[in-house]
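Trainee: Chain by chain, the residues:
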Amino acid sequence: AQSVTQPDIHITVSEGASLELRCNYSYGATPYLFWYVQSPGQGLQLLLKYFSGDTLVQGIKGFEAEFKRSQSSFNLRKPSVHWSDAAEYFCAVGANAGNMLTFGGGTRLMVKP
Amino acid sequence: KAGVTQTPRYLIKTRGQQVTLSCSPISGHRSVSWYQQTPGQGLQFLFEYFSETQRNKGNFPGRFSGRQFSNSRSEMNVSTLELGDSALYLCASSPGQGGRTDTQYFGPGTRLTVL
Numbered sequence: 001a002q003s004v005t006q007p008d009i010h011i012t013v014s015e016g017a018s019l020e021l022r023c024n025y026s027y028g029a030t031p032y033l034f035w036y037v038q039s040p041g042q043g044l045q046l047l048l049k050y051f052s053g054d055t056l057v058q059g060i061k062g063f064e065a066e067f068k069r070s071q072s073s074f075n076l077r078k079p080s081v082h083w084s085d086a087a088e089y090f091c092a093v094g095a096n097a098g099n100m101l102t103f104g105g106g107t108r109l110m111v112k113p
Numbered sequence: 001k002a003g004v005t006q007t008p009r010y011l012i013k014t015r016g017q018q019v020t021l022s023c024s025p026i027s028g029h030r031s032v033s034w035y036q037q038t039p040g041q042g043l044q045f046l047f048e049y050f051s052e053t054q055r056n057k058g059n060f061p062g063r064f065s066g067r068q069f070s071n072s073r074s075e076m077n078v079s080t081l082e083l084g085d086s087a088l089y090l091c092a093s094s095p096g097q098g099g100r101t102d103t104q105y106f107g108p109g110t111r112l113t114v115l
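Those protein sequence lines, which keep their order, are chains A and B. Take the first sequence: its position 88, counted from the start at 1, is 88 in our numbering, and no numbers get skipped. Take the second sequence: its position 83, counted from the start at 1, is 83 in our numbering, and no numbers get skipped.
Heads up, some of the hints might be wrong.
Taking lysine-lysine and the DSS-like style, the derived pairs with C-alpha atoms no more than 27 Å apart in a straight line are [said to hold, decoys possible]:
id: 1; chain 1: A; residue 1: K49; chain 2: A; residue 2: K61
id: 2; chain 1: A; residue 1: K112; chain 2: A; residue 2: K61
id: 3; chain 1: A; residue 1: K49; chain 2: B; residue 2: K57
id: 4; chain 1: B; residue 1: K13; chain 2: B; residue 2: K57
id: 5; chain 1: A; residue 1: K68; chain 2: A; residue 2: K49
id: 6; chain 1: B; residue 1: K1; chain 2: A; residue 2: K49
id: 7; chain 1: A; residue 1: K61; chain 2: B; residue 2: K1
Just so you know, these hints were derived from the structure itself, not from any lab. Predicted, not measured: the structure shown is a model, and the values here were computed from it.
Sequences and hints are given; from them, build the entire structure.
Mentor: Okay, structure coming up:
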C-alpha cells in the first residue's frame with residue numbers, strides 16, 4: 001500500500017522568501033504524484049502533477065516540484081512567496097489502478113509581511 | 001467549462017439520521033471519487049465510481065455508500081450518522097479513461113456537522 005509523509009505540519013516564511021515543502025512517498029512502482037493547495041473552507045486546487053518524463057515539473061502560481069526516485073521525494077518549491085500563498089498544501093500519490101489518491105497530512109503555510 | 005459542483009454546501013444532522021450528498025462532475029468526465037477530510041484523520045479516500053460502477057473502495061464501514069447515474073452525477077449516502085462523521089466531504093472528477101490514475105479536479109466540498 002502506498003503512503004505519503006509531509007514532515008512539516010506548519011511552516012512560516014517571510015513574504016518574498018523562497019519556499020520548499022517536503023513530501024516523501026512510499027510506493028512500489030512508478031508513482032503518480034500531485035500537489036494540491038487548499039484555502040480555508042475551500043476544496044483542493046491542483047498545483048502540479050508528475051506522471052513520467054522530466055523530473056522537474058512546473059505548475060501554476062510559480063510553483064515547481066522535483067521528483068527524486070532515489071530519495072522517494074517530490075518536494076514543492078517557489079522562489080518568492082506572496083502573502084496570497086498562505087494556505088494548506090497537500091502532497092498525494094496515486095496508484096495505477098483508478099482514481100484513488102493517498103494524501104499526506106498537509107503542511108500549513110503562513111506568510112509573514 | 002463549469003467545475004465540479006457539490007450540493008448542499010453545508011448540512012447539519014443529528015446522530016442516527018441519514019444523509020445524501022450530491023456531486024456533479026465536469027462535463028465529459030466519467031470518474032467521480034469521494035474523500036472525507038477531518039482534522040484528526042486528514043484526507044481519506046472513500047470510493048470511486050466510473051460508468052455507474054464502483055471501481056475502488058476505501059476502508060470505511062458499510063454505512064457509507066454511493067452510486068453514479070448515467071449522466072455521471074454521483075451521490076454518496078451515510079446512514080446511521082455518528083458524531084465522528086462530521087467532516088468536509090470532497091468530490092473529485094476526472095476523465096477516467098483507461099483505468100489508470102488521472103488528474104482529479106475537486107469540488108468545494110460539503111461540510112457535514114453531526115450533532
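Trainee: Taking the hints in turn, state whether each one holds.
Mentor: For each hint, the structure was consulted:
no. : hint            : verdict
1   : A/K49 to A/K61  : 14 Å, holds
2   : A/K112 to A/K61 : 18 Å, holds
3   : A/K49 to B/K57  : 23 Å, holds
4   : B/K13 to B/K57  : 25 Å, holds
5   : A/K68 to A/K49  : 14 Å, holds
6   : B/K1 to A/K49   : 21 Å, holds
7   : A/K61 to B/K1   : 21 Å, holds
Consistency note: the structure conflicts with none of the earlier hints.
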